[in-house]
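Asker: With these hints in hand, go ahead and build the complete structure from the sequences.
Chains as they are written, first to last, in this note's numbering: chain L, 1 to 135; chain X, 1001 to 1111.
Calculated from the structure, these hints are not laboratory results.
Check before you lean on any hint, since a few could be wrong.
Here are the computed lysine-lysine pairs in the DSBU-like style, where the Cα-Cα straight-line distance is at most 35 angstroms [as the list claims (entries may be wrong)]:
{"no.": "1", "chain 1": "X", "residue 1": "K1099", "chain 2": "X", "residue 2": "K1069"}
{"no.": "2", "chain 1": "L", "residue 1": "K3", "chain 2": "L", "residue 2": "K57"}
{"no.": "3", "chain 1": "X", "residue 1": "K1009", "chain 2": "L", "residue 2": "K32"}
{"no.": "4", "chain 1": "L", "residue 1": "K3", "chain 2": "X", "residue 2": "K1017"}
{"no.": "5", "chain 1": "L", "residue 1": "K94", "chain 2": "X", "residue 2": "K1069"}
{"no.": "6", "chain 1": "X", "residue 1": "K1099", "chain 2": "L", "residue 2": "K57"}
Chain L stretches covered by chain X per the calculated footprint, using a threshold of three residues with CB under 8 angstroms from any CB of chain X [as the list claims (entries may be wrong)]:
{"no.": "7", "segment": "10-22"}
{"no.": "8", "segment": "37-46"}
{"no.": "9", "segment": "71-85"}
{"no.": "10", "segment": "91-101"}
Using N, Cα and C, we set each Cβ at its ideal position, and we do this for glycine too.
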Amino acid sequence: MRKVKYPAQFQYLDEIREFVAEVARKGGFGEKEIYSIQLAADEAASNIIEHAYAGVKNGSLEVSCGMQGDVITIILRDQGRPFNPNSVQPPNLKADLSDRQIGGLGIYLMRKLMDDVRYETSSRGNSLTLIKRRN
Amino acid sequence: MEISTKEFKHCDMLMLKGRIDSATAPQFSQALDAITESGRFKIVVDMSQLEYMSSAGFRALLATQRACKRYNRGEVVLASVPARIQEALELAGFTELFKTFDEPLAAVGNF
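Answerer: Pasting the structure below:
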């Protein structure tokens, strides 16, 4: 697994997407799946920056990414407030325009785009693991 | 990300270039707000040169669609949506909230 530490700021999302795309491309994923992996990693990282590090300026976000066989694993670690994306209710995608929830969409997309999403929190921090198998 | 705007007689067009994520979505929101704040509510979003859009961009679209459709004064329509972005919009259940056109000029002609 390769590991890179980023400042927990939205300006670094570009680099995070590039990092996971590079690993996925080398791992033999197709362009459509690479887009999905980038989007899922972006939504996961955005969520950590927005919620786990709400009001925190100098937080950091460590991203590990690697292939095992035909499976890509992305682990995002932070030292912010615990925020379990798996506890967020999925948005109602059938609701009318006026009733559409604005929140929760990124988490919903992340969960739909990946095969598995796991969240753990301990005294050492929070970790979010995203897993996707190559088609 | 680059945004350019073009004013037509019956609508405004926003041309997006590059990537919209949580870092650049505020810029996209501001461009949309500038149109609605000037009292214009018929908007074409040309995505032909857009490479990427996360849910941060979807939220900006949703907020503007609400503002535009209020009092039936207009709407936001999408044009030349790249396949990957279209797939994400479908996954988010957004395709039924926005008319989409293959060509920007067809979208302009809709108004």
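Asker: Does each hint fit the structure? Answer for all of them.
Answerer: Outcome of the hint check:
1. K1099/X / K1069/X: holds, 13 angstroms
2. K3/L / K57/L: Holds, at roughly 22 angstroms.
3. K1009/X / K32/L: Violated - the C-alpha atoms of K32/L and K1009/X are around 38 angstroms apart, more than 35 angstroms.
4. K3/L / K1017/X: OK: K3/L and K1017/X at ~31 angstroms, within 35 angstroms.
5. K94/L / K1069/X: At roughly 18 angstroms apart (the allowed maximum being 35 angstroms), K1069/X and K94/L satisfy the hint.
6. K1099/X / K57/L: Distance of about 40 angstroms is beyond 35 angstroms: violated.
7. 10-22: It holds: at least three residues are needed, and the segment 10-22 of chain L offers 5 whose Cβ sits within less than 8 angstroms of chain X.
8. 37-46: holds (count 5)
9. 71-85: It is violated, with 0 qualifying residues against the three required.
10. 91-101: holds (count 6)
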